[in-house]
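First to last, the sequence lines map onto chains A and B. So that you can map any letter, position 252 of the first sequence is 252 in our numbering, and since no number is skipped, the others follow by simple counting. Just remember that our numbering sits 1000 ahead of the position in the second sequence, which is counted from 1.
There are no misleading hints in this set.
Taking lysine-lysine pairs in the DSSO-like style, the calculated list, with each CA pair at most 30 angstroms apart, reads:
| # | chain 1 | residue 1 | chain 2 | residue 2 |
| --- | --- | --- | --- | --- |
| 1 | A | Lys-75 | A | Lys-135 |
| 2 | B | Lys-1049 | A | Lys-45 |
| 3 | B | Lys-1019 | A | Lys-45 |
| 4 | B | Lys-1049 | B | Lys-1072 |
| 5 | B | Lys-1083 | A | Lys-45 |
| 6 | A | Lys-158 | B | Lys-1093 |
| 7 | B | Lys-1095 | A | Lys-158 |
| 8 | B | Lys-1072 | A | Lys-45 |
| 9 | A | Lys-45 | A | Lys-100 |
| 10 | A | Lys-75 | A | Lys-190 |
Simulated restraints on C-beta separations:
| # | chain 1 | residue 1 | chain 2 | residue 2 | range |
| --- | --- | --- | --- | --- | --- |
| 11 | A | Arg-71 | B | Ile-1011 | 27 to 37 angstroms |
| 12 | A | Lys-45 | B | Glu-1031 | 21 to 31 angstroms |
| 13 | B | Val-1037 | A | Ala-257 | 51 to 61 angstroms |
| 14 | B | Glu-1031 | A | Glu-150 | 28 to 38 angstroms |
| 15 | B | Ser-1052 | A | Asp-127 | 52 to 62 angstroms |
| 16 | B | Ala-1097 | A | Glu-154 | 11 to 21 angstroms |
| 17 | B | Thr-1100 | A | Thr-32 | 37 to 47 angstroms |
Computed from the model, here is a short list of chain B residues facing chain A with C-beta under 7 angstroms:
| # | residue |
| --- | --- |
| 18 | Gly-1026 |
| 19 | Ile-1040 |
| 20 | Leu-1076 |
Worth flagging that the hints you see were computed from the coordinates, not collected in a lab. Just so it is clear, CB atoms sit at the ideal spot from N, CA and C, and this is done for glycine as well.
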Amino acid sequence: MPGAKERELRRRIGSVQSTKKITRAMELIAATRVVKAMQRSNEAKPYATQVTGVIENLTAAGTQVSHPLLRQAQKVERVGVIAITSDRGLAGSYNAAVIKAAERQIDAARTDGADYSLILIGKKAIDYFTFRNYKIDASYVGMSDTPTYENAREVAGKVVEMFESGEVDRVELAYTEFVTMGTQRVTVRKYLPLVSTTDMADKGDGSSDALAEFEFEPSPAGVLESLLPRYMESRLYSALLEAAASEHANRQRAMKAATDNAEDLIIKLSREMNQARQASITTEIMEIVSGAEALGGDDPATIQAILDYTEGTTV
Amino acid sequence: MQVELVSPERITFSGEAAKVIVRTVGGGDLEFLAGHVPFIGVLQVSAAKVISDEGREIFAIHQGFVQMSNDKVTILSDVSERKEDIDVPRAEKAKAAAQTAHDANPEDAEAAAALRRANVRLQVAAGELDG
Chain A
1 MPGAKERELR RRIGSVQSTK KITRAMELIA ATRVVKAMQR SNEAKPYATQ
51 VTGVIENLTA AGTQVSHPLL RQAQKVERVG VIAITSDRGL AGSYNAAVIK
101 AAERQIDAAR TDGADYSLIL IGKKAIDYFT FRNYKIDASY VGMSDTPTYE
151 NAREVAGKVV EMFESGEVDR VELAYTEFVT MGTQRVTVRK YLPLVSTTDM
201 ADKGDGSSDA LAEFEFEPSP AGVLESLLPR YMESRLYSAL LEAAASEHAN
251 RQRAMKAATD NAEDLIIKLS REMNQARQAS ITTEIMEIVS GAEALGGDDP
301 ATIQAILDYT EGTTV
Chain B
1001 MQVELVSPER ITFSGEAAKV IVRTVGGGDL EFLAGHVPFI GVLQVSAAKV
1051 ISDEGREIFA IHQGFVQMSN DKVTILSDVS ERKEDIDVPR AEKAKAAAQT
1101 AHDANPEDAE AAAALRRANV RLQVAAGELD G
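Can you make the complete structure from the sequences, with help from the hints?
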């Protein structure tokens, strides 16, 4: 019969082992999803680049328009904060970092005497801010795992509408930028107002042939007018895609750490268990020997009889 | 002449073509041939035709832009679908819904746009514009 301590340790090893199986599976799933998310992010790049390219060409043509999205408020009354988090946890500090960044934006707005509006993507941010009694203007769940362009359009539409109606005067976008497989960075970008078309064009890679003399239909201003909303959607879409890739990369890392920890724990617990087993064996032998000594002194026949009796039942 | 159809989620088409026909918001069809002057235009909900030596490909375009420069035509569109990618039953359902909304309120620009999208989709799917 193993001792109570040994039994307890054996049970814990079993439980750590099954946890390890789960974390290992999650690690592998996350690994494949990072690859997919990166691929989607890359596939979305040509569009974003082309849209920026058209803006570059428009700027080169000297187009200056007054568009609601370019409105610079004299005094910022209310700051909109968009936070992109995930719906599910187990991704290390991924969500906490974005939430902290968003909260800092809110604090900064308050310091400047402005109000805030929260636009939250992902259940984690919603839970956090609801629990702390922040007022939430819009929230979206179910899109952060595999975002579609339709999702981006929905959110961008809402934000642009808030901005155009004057509800917010500035919008900041907090999300996790996917730099490489190993590096993801929490970033806060100014989403609105757009500074100027020149500024947007500067973000392009300069590959467009800005020197060419373009013809525009209906007019440069008309093109820009229908282009700007697309530009907003496209920017949000690429932020969503990067955030999704970062989420999976973070989850993969967190789960790898969990699996490694489980392995260490199993080794530690096994050692403890072996020690406990050895201790109980030693105790039992000691008991037998002292029992034999008490009964028959050093009569070999008695000792042998006791040993025969106990054989197989203890050690 | 290089042609590329780019949607936000991916590149729908990329290849060589002899000419490309699109319809801009002005209402007229535009035909691009090699050597066309640099051009940027806003597109209608319409069909875009890409004609090459091998044949012609027709795409349903849900608004977007066309940019022509250096003998390269780029069509940027939220949605650009090939004939075989179009879900006809869904488009028919969308058309019926849009028609009802449009009849109820002819001023509703949203419904009118939805109706036009559904119509273009169905026309492309049925191959009506193949000729």
